[in-house]
Every structure is written in C-alpha cells, then in structure tokens.
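Could you build the full structure based on these sequences and the hints that come with them?
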Amino acid sequence: MKAIEIKELKKSYGNVPVLKGIDLEIEEGEIFALLGPNGAGKTTLIRILAEGLSYDSGSIKIFGEVLNKKTARFIGYVPQESISYDLLTVEENLKFYADLYDAPKERIYELIDRFALPKKKKAKELSGGFRRRLNLAISLLYDPKILILDEPSLGLDVPSRRELWNLIGEFKEGGKTILIATHYMDEAEVLADRIGIMNEGRIIALGTADELKALIGEESIIFVEGFLKGLEKLRNEFRLVEKESGARIHVKNSKESLPKIVETLVKSGSEVRTIKIEEPTLEDVFLQLTGRSLE
Amino acid sequence: MKLRAIKGIIIKDLRELRREKMALFWIFIFPLMWITLFGTMWGGQSPPMSLDVGVVYTNESSGFTAYDVVRIMENVTLEGVHIFKIKEFSKKESGIDALKHGKIDSLIIFPSGFGGNISAGKQAKIYIYFDKSDPQQYQIVRGTVMGFFSEMEKKMREKRLEVQLKYMEAHIPKDIAEYNISPEAMREYLIASAEPLKVEEKEVSGKNPTPIQFYITSFIGIQFLFATMLTIGSGTLEEIEKGTLRRIAASPATAWDFLTGKMLSTFLIIMLSILVGLGYAKLVFGETIVPSLFGWLIIFIASVFSMSLGLAIAMVTRSIKSTTAVVNFISMPLLFLAGIVIPESIVPSWARPIVNYFALGRALKDFRLLEIYHRPTSEIMPGFILITVETVAVFLIAISLYNWVIKRLEA
Chain A
1 MKAIEIKELK KSYGNVPVLK GIDLEIEEGE IFALLGPNGA GKTTLIRILA EGLSYDSGSI
61 KIFGEVLNKK TARFIGYVPQ ESISYDLLTV EENLKFYADL YDAPKERIYE LIDRFALPKK
121 KKAKELSGGF RRRLNLAISL LYDPKILILD EPSLGLDVPS RRELWNLIGE FKEGGKTILI
181 ATHYMDEAEV LADRIGIMNE GRIIALGTAD ELKALIGEES IIFVEGFLKG LEKLRNEFRL
241 VEKESGARIH VKNSKESLPK IVETLVKSGS EVRTIKIEEP TLEDVFLQLT GRSLE
Chain B
296 MKLRAIKGII IKDLRELRRE KMALFWIFIF PLMWITLFGT MWGGQSPPMS LDVGVVYTNE
356 SSGFTAYDVV RIMENVTLEG VHIFKIKEFS KKESGIDALK HGKIDSLIIF PSGFGGNISA
416 GKQAKIYIYF DKSDPQQYQI VRGTVMGFFS EMEKKMREKR LEVQLKYMEA HIPKDIAEYN
476 ISPEAMREYL IASAEPLKVE EKEVSGKNPT PIQFYITSFI GIQFLFATML TIGSGTLEEI
536 EKGTLRRIAA SPATAWDFLT GKMLSTFLII MLSILVGLGY AKLVFGETIV PSLFGWLIIF
596 IASVFSMSLG LAIAMVTRSI KSTTAVVNFI SMPLLFLAGI VIPESIVPSW ARPIVNYFAL
656 GRALKDFRLL EIYHRPTSEI MPGFILITVE TVAVFLIAIS LYNWVIKRLE A
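Quick mapping for you: the protein sequence lines, in order, are chains A and B. The numbering used here applies: residue 1 is where the first sequence begins, and numbers increase by one. The numbering used here applies: residue 296 is where the second sequence begins, and numbers increase by one.
Calculated from the structure, these hints are not laboratory results. Check each hint, because a few of them may be wrong.
Under the rule of at most 25 Å between Cα atoms (straight-line distance), these lysine-lysine pairs were calculated in the BS3-like manner [said to hold, decoys possible]:
(1) K120/A to K427/B
(2) K95/A to K61/A
(3) K124/A to K616/B
(4) K121/A to K105/A
Structure, rendered in structure tokens:
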C-alpha cells in the first residue's frame, strides 16, 4: 500500500514558485530520502505534509485518504530545529506534547527508556544528540505510521549521527514508513531504499542509489588530491568539482584522460599527492543532472 | 476544543514561569518592591507641614502692630509643630526675590500705617504674595495663610464687638419700649451681624483610603499595564518564533486551543501575583484590600482587556523586542495619565478623559470606588459597562489579528 501519494503538487510564496509540480509515491515500510541542496523545496514539501502548510494545487493522500487534520495523525514529524522547551525537563516536555497529541501517559516512559533520555534534565542542558533524540521521542508519542525527518543529522557529530542512523533502521524494522529530507548524500545512500533528487522545486530523478548512479552512464571519476594549480585549464574539457582536499574530474575514458590531466596539473606547478579512479557518487549524479554541486 | 491540550499548555506555561527568573522578578518581586517602597514612604503618619513665610513691616508705636501679628503667627502650632517659620525682610524687593527663588512659600507685606489703622479701629491692608508655579503647593500655602488671617479677622471682630456692646450697654436704656427691643436681643443681633454663620468643626472617623490601600490598587494597575500585556504578547511570539505554535497547530489541538490555554495561564499568573501582593501588604503593613465578588469581576474584565491589548500589539509588531518597546511606550505615560499610580485629583485636566474612558484607567477608578470608598454597585455600573464594551472590542480586534498571523503561518 502507498503510504504517501503526491500528485502535481504546486506551491508558491508570493510570485516565487517553490514547488513546481511534485509527483511522488512512497510505499508503506519504505525509507525514502529527498536529496537536494538548500532551497530545493524539501522543507516546504515536508511542511505541507507535516505542518498543514497550504499549497496552491495538486493532491496529497496518506494511506489512500486525503491529507487533513485526521490523517495527519499518521505522520510524526521531526523538524530540523529543537521543538523542546529549554526550561522544561525531558519528562515535562514529553508530558506537554502528550497532552497536545492526546497520547497515553505510559508512552512517555516507554520513550524515555527507549531513547535512554535523562528525564529530570532540562532540555537546555542536553547535548545536540540528546536534543535530537528528544525531538524523535516527541514525534513518536502517538506512535505514527509515517515518520518524517527534516535534515536529521544536521549539526550532529559522527557518533551521534551513526546512532541516529541505527535508530532510523530500527524504526523501519518496526514497520514505519520513513521520509528523510537531507542534503547529505551519504545519509541518503546509507539509509534510503529509494532516493528522490530535488532541484529548484522539482524531483529531477528518482530511484535506488544504484539506479541513480547508472544515470551517469559510462563516465568515471578521477579524484586528484594535493596542492593543485591549473584546474581552470581542465575545466574547458572536463566537468569538475573542487573539494577542500582536491578535485573530482568527470571523464569519458579514464585511461586516455588520466595522462593528460596529470600533465596539465604538473606543468601548472601543482603538487599532486594522490590520484585515484573512483565510483560515481550521488553528488556526481546531481552534478550530471543539474550542472552544479550539491553543497 | 481539546481540554487536555489546553490543560497541557497552562501547566507548561506555569512550569516555565517557575524557572524564568526575569519573569518571576517582573511579575512578583517588582510589584512587592513597589508596595514596600511606597508603603514605607507614604504609609506612615506624616507630621503637619510647616511653611516658610517672609514678612516685611515697619516698626510702629501704636497699641497693636504688624510685629504683634507676626509674633502670633510664629506661635501657631498644630500637633506641636510650628506652622509658620517667619523670615523677616527689610525690603519688599528682597522678599519677592526670595519667593521667586523658592526660599520662602509666601510673602506678607504690612504697609506703613498698618498698626495705626488697626489700633484706631480702621480698615488695615495686608498684601500677600504667593508663587503659583506649583498649583498644588500654591493651594496648600494659600489655604494655610488665608486661613490664619481669616481666623485672626474673626477674633478681631469679636474683640471689637465686645467693646461696642460694652459701650451700648452703658448708654442705651434697659428697655426701649417703643421699639420693643431688649438690650439682650440687640446684643444677639449685633453678634450675628458680625458673624452670620457659626461653623463648628466636628470629626468622624471616615472610610478614606489609606496610602497603602491606594498603592495596592496601583500595583494591580501596574500588573495590567505591564506584566499581563507582556506575558501574553511575548509568550505567543516566542512560540511563533520557535516554531512550536506551528507544531501545536499541526497537532490535534488547534491554534485556538493554544490561545485559550495561553490566556488562561496568563490570567492565573496575574491572579496569583495579585493575591501575593494583597497578602504581602497585609503581612508587612497590616492592611490590605479584600475584593468583593464584583471587585474580582472588574479585575477579570480588566485582565481580559489587558491580555487582548498585549496580544494585538504582539500580532502587529510580530517581534518580542518591538512588543516590549511598544508596551513600555504606551504603559509608562499611562501609569500617570490614567491615574494608575497617582490619584485622579492630580491628573491634569486634559488627561482626565483617559482616566474615565480608557478601560484600564476606568477599571482601576471603579475598583477604587468600590473597594476603598465603598460606593454602591449602581454607581459603578456605568463604568463597568463601558470597560466591558471596550474589552469585547479590543478582544475581537486581537483575535482577528491572531487569526491573520496564524493564516500567514499556514500559507
């Protein structure tokens, strides 16, 4: 059964179109990732689903029924920002939201145990990771069938991020449908069954990570690391993304292109430390599709 | 309406307040400081006031002179306090200069020949100068000085009459038969001519407000002007800025449940603050006000007005800082112009309509009339109807603005 069904969804802020006709179907029990840069329309789409934000046209169905206040109860939403009250303790925050969502009181203590939350600690005293856990616990108070997470690992350190990913995996095992909006390609790749790439208010590609990578076709990626000069000369011939540590260069034939690239860089005075031929990533897919990088 | 959600919002707000030190200060500590400060300053018995009076006179050799009047003035006491402190000036100009510079409160000039005229039984002139720049001070000084001379004039009339009567009794026949007037009747007639009204001052212990009672009502007004408006205004904006109101609106509860909860929690906080203030005044100064049911009704309506006004301001400014600034900008002058911290009698005449027609000013005035002056409910009713109508109007404006903001959040 389809958990979420969106057809021709359009939304503008004033004269600025933010969603330009979204068509999306998410199956029950699936983890679906919306991948795209900031401003692609991910948060707007999520706020329409989870916060009752109005839209201009199109339709949304949740488990076959039109999205409304009643069907919205199938959805639990974990926003980017903390929704807990700083001066209240973990327990008090959960009690407040339980009253709001008319959730059973026992659920509060189940969630405190499940997420190992310090119930007497004030929200403002929690670390970033625990705050995110508290957000998660709040969204799970009424045991929703669909969980929507907006940039769940934004601002988290690596261990907290891994921990969060494990939890999301557990939710899937528990039968929940999960929609994640992220601009971290590794997050999408590790967690999602399917990925939708969003750009400028449209879903421009949809599929599994492998299906999306296949869109790149025969291209290979040459990754060059070091103190690089003369990249601009290569830009005329190849598609290229500069990174902090080096550059990813898209080539049709790596065997033919590699000597040429090395020669150009060395002649320009570069100190090349590493050269390797890599598999394409989702970012490369995004670059291929839009001509610009994800970040 | 989701009662559990409303209850949750109220409990959440009360818990937050308990841990918010600044809010606790403004809602509870500041009003108590207010009562303590003004109660200590004005709550005790003040000794009678004494006036610095300048005099200019010339030495005369007649029987009763200006010098004698000045000495009488010097000896006037009330509750052991000398009412007039005399400063003698040799010239009128130096006396007027002292009056202009506030060194004396009044200047009395006895012109040359004053004593001669008095002693000869003629009319004697006195010139009294006052500084009118402070209307209140002028009224007090004028009343005291003129009161002294009025009393002195009366005594002089009595003395002169005594002399006249002695003369008449000695020279007029005991019975003037043809006119049927006895000397006794003539005596009574002459006394009445000199003093047609005999006013006797009697004292009763009235129900006038004590300064403490006045400042308790002031503190209630302060709560409405500041704490109530800011609690609801900033509280609502905080939820909007933080994004929690969007979450509440997306939950089974509605934005209206939120507003109901917010208004109820604000009302509870303010009521608690008022009760603490009333109890504190009783504890520290031994007196307080125990409002009647109608008094509580006035407090309820005034708090709804104040909450509505605070909400309306917040929904227009949509920023906590701007709301605080606007509330302070409006409330500071109203403390005085609406008669919140000063009695209506000293509010300038052009501002009196604010006391009478601005809901919070009128509510406090009616509350004072009811609870301090014990006026009947029928006298309060017109004012109560006025504040109720104003409250309904402002409430409707506030919820329309709130609705507009909520629609924008969802758009």
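Do the hints match the structure? See the list:
{"no.": "1", "hint": "K120/A to K427/B", "in the structure": "67 Å, violated"}
{"no.": "2", "hint": "K95/A to K61/A", "in the structure": "30 Å, violated"}
{"no.": "3", "hint": "K124/A to K616/B", "in the structure": "22 Å, holds"}
{"no.": "4", "hint": "K121/A to K105/A", "in the structure": "19 Å, holds"}
Hint violations for this structure: numbers 1, 2, all remaining hints satisfied.
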